[in-house]
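2 protein chains.
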Amino acid sequence: MPQATLRNMTLELHYWPAIQGRGEFVRLALEAAGAAYVDVARGDAAAGLGMAALQRRLDDARCAHPPFAPPFVKDGDLLVGQTAAILHHLAPELKLVGRSAAARLWTLQIQMTIGDMVDEAHDTHHPIAPGLYYEEQQPEARRRARDFCATRMPKYLRWFERILRQNPAGQRHLVGGRLSYADLSLFQLVEGLRYAFPKAAARVLATTPHVTALHQRVAVLPRVAAYLRSPRRIPFNEQGIFRCYPELDSE
Amino acid sequence: MPQATLRNMTLELHYWPAIQGRGEFVRLALEAAGAAYVDVARGDAAAGLGMAALQRRLDDARCAHPPFAPPFVKDGDLLVGQTAAILHHLAPELKLVGRSAAARLWTLQIQMTIGDMVDEAHDTHHPIAPGLYYEEQQPEARRRARDFCATRMPKYLRWFERILRQNPAGQRHLVGGRLSYADLSLFQLVEGLRYAFPKAAARVLATTPHVTALHQRVAVLPRVAAYLRSPRRIPFNEQGIFRCYPELDSE
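If you read the sequences in order, they're chains A and B. Residues in the first sequence are numbered from 1152 upward in steps of one, following our numbering. Residues in the second sequence are numbered from 1152 upward in steps of one, following our numbering.
Bear in mind the hints are in silico, worked out from the structure with no lab data behind them. Mixed in with the good hints there might be a few duds.
[To be verified] With a straight-line Cα cutoff of 30 angstroms, these simulated DSS-like cross-link-like pairs (lysine-lysine) come out:
1. A:Lys1246 - A:Lys1225
2. A:Lys1306 - A:Lys1350
3. B:Lys1225 - A:Lys1246
4. B:Lys1246 - A:Lys1225
5. B:Lys1350 - B:Lys1306
6. A:Lys1306 - B:Lys1225
7. B:Lys1306 - A:Lys1225
8. B:Lys1246 - B:Lys1225
[To be verified] Here are the in silico distance ranges between beta carbons for each label pair:
9. B:Asp1270 - A:Ala1196: 33 to 41 angstroms
10. B:Pro1386 - A:Arg1213: 36 to 44 angstroms
11. B:Asn1388 - A:Thr1358: 35 to 43 angstroms
12. A:Pro1290 - B:Ala1220: 24 to 32 angstroms
13. A:Cys1214 - B:Ala1212: 42 to 50 angstroms
14. B:Lys1246 - A:Leu1379: 44 to 52 angstroms
15. B:Lys1306 - A:Pro1290: 21 to 29 angstroms
16. B:Tyr1285 - A:Gln1317: 31 to 39 angstroms
17. B:Glu1389 - A:Met1202: 41 to 49 angstroms
18. B:Pro1382 - A:Gly1321: 43 to 51 angstroms
19. B:Arg1213 - A:Thr1358: 20 to 28 angstroms
20. A:Gly1328 - B:Arg1323: 40 to 48 angstroms
None of these values were measured; they are calculated from a predicted model. For every residue, glycine included, the Cβ atom is placed at its ideal position computed from N, Cα and C.
Input sequences plus hints: build the corresponding full structure.
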């Protein structure tokens, strides 16, 4: 991993400029670590940034490692896509993962499962096709969201609860005895679920006290709290993954 | 990574015994490398194997790294879930990934994207809920499958084609100049698409000649070919991820 370049050059984060989306898991890790980065698509076109800069990278016909979709990061000469792979790559330098190969692997595994739940949360409003509007798949969305709230959300959140409960190093963190990017991502996941499904999330989180406590602890970490108050944090909205459609929420 | 234990103890693969599913990506890597492994849930209950053995691991209340779902492997003392994380972990020992951190990361990234496409292929017959039968979500399945065949399948397969075309080390492999687990997984993905969507897959694969050629090359690798002919290869069926429902296929 060319980590030297991460120190020498500013990391570029490439993601859609108007939503938290999957990019937020990367942004949160960078912010929590106090790392310098450029949020490319939100930058000024006059400075060579903006959506055109993101699109140029995505379309580059000479790129050896073309990303499938945002988010992706440019770290020196290395272009890395897939949220969990990005975090796995950046975390040692950001000090957001344990040093052992086993700790890195377990953190990655948890992040991938968070990613699976994020995909399912997305599909509650897009069960048929990502290219159609919500309004074109609303009856199907209601059915899928009902199952998500009743079955999938409890299944996932109870798994995170179990990890915390069974962590030999204590119940404050998902991996070992200190903060990792998986903790930050679980915070973001809970934020999203509470925004999109306030009733269902409250019901399930009442049964997962360790998850709830971890969420509260991450929210008040000084760098995280400062970030959440800053204009760099895009508010949740109905173009993102977590959307507040009351008709999709259920007790 | 406790690779010494992989050499000393037989690796355990835990996956549902009657389908290829996500476990097949792991099985294929182990078979292509000629590695010794026990396919636990397909073993004899009298020998302490079978579904009860898988379930015992899944339910273990003292396990520090409980898997969310099969597939998972037990490699010495280490339990690893999530298909892409399993392959990332096993590949150096199996010699199915390049040695550099950059090669390992790029291979992981491709595998994660293959996994995303597998999820979407699964959701063509289960767009509403994994816990319901196909017959309970058939109208929604038809709609989702139509979009998958028309939009998503070309988008993914053209990305794999582009990776092959833009690979600086040549167009025979996804990563560098030799076989990796990503090549094996792309083979398996094409097999599944051809089984589930023969018409749509033929149409799209006609536009991705490098993907088609890679699939053909993998199929005749001696260990892969021997495995595919063996009783260890479970045939595709309508309980797995790739299901042949003609009403979901389209030209």
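Hints, verified against the model:
Taking the CA atoms of lysine 1246 of chain A and lysine 1225 of chain A, the gap is near 19 angstroms; set against the 30 angstroms cutoff, the hint holds. At most 30 angstroms may separate the alpha-carbon atoms for a hinted pair to count; lysine 1306 of chain A and lysine 1350 of chain A meet this at roughly 17 angstroms. The suggested pairing of lysine 1225 of chain B with lysine 1246 of chain A holds, with an alpha-carbon distance near 28 angstroms, which does not exceed 30 angstroms. For the suggested pair lysine 1246 of chain B and lysine 1225 of chain A, the alpha carbons sit about 28 angstroms apart, so the restraint of at most 30 angstroms is met.
Between lysine 1350 of chain B and lysine 1306 of chain B, the direct Cα distance comes to roughly 17 angstroms. Compliance with the 30 angstroms bound is thereby established for this hinted pair. Between lysine 1306 of chain A and lysine 1225 of chain B the CA atoms are separated by roughly 23 angstroms; this keeps the pair inside 30 angstroms, and the hint holds. About 23 angstroms separates the Cα atoms of lysine 1306 of chain B and lysine 1225 of chain A, which keeps this hinted pair within 30 angstroms; it holds. Our distance criterion of 30 angstroms between C-alpha atoms is met by lysine 1246 of chain B and lysine 1225 of chain B, whose separation comes to about 19 angstroms.
Checked against the hint of 33 to 41 angstroms, the C-beta distance between aspartate 1270 of chain B and alanine 1196 of chain A comes to roughly 35 angstroms, which is consistent with it. Remark: the range hint 36 to 44 angstroms for proline 1386 of chain B to arginine 1213 of chain A is upheld by a beta-carbon distance near 42 angstroms. In this structure the hint that asparagine 1388 of chain B and threonine 1358 of chain A lie 35 to 43 angstroms apart at CB holds, the actual value being about 36 angstroms. Hint check: proline 1290 of chain A to alanine 1220 of chain B, Cβ distance near 29 angstroms, so the stated range 24 to 32 angstroms holds.
In this structure the supplied range 42 to 50 angstroms holds for cysteine 1214 of chain A paired with alanine 1212 of chain B, their Cβ-Cβ distance being about 47 angstroms. At about 46 angstroms, the CB distance of lysine 1246 of chain B to leucine 1379 of chain A agrees with the hint of 44 to 52 angstroms. A C-beta distance of roughly 26 angstroms is found between lysine 1306 of chain B and proline 1290 of chain A, which places it inside the suggested range of 21 to 29 angstroms. Tyrosine 1285 of chain B and glutamine 1317 of chain A have their C-beta atoms about 35 angstroms apart, which keeps the hinted 31 to 39 angstroms range intact.
Remark: the range hint 41 to 49 angstroms for glutamate 1389 of chain B to methionine 1202 of chain A is upheld by a beta-carbon distance near 44 angstroms. Checked against the hint of 43 to 51 angstroms, the pair proline 1382 of chain B and glycine 1321 of chain A passes, with Cβ atoms roughly 47 angstroms apart. Look at arginine 1213 of chain B against threonine 1358 of chain A: about 21 angstroms separates their beta carbons, and that is inside 20 to 28 angstroms. Take glycine 1328 of chain A and arginine 1323 of chain B: their Cβ atoms lie about 46 angstroms apart, and the range 40 to 48 angstroms holds.
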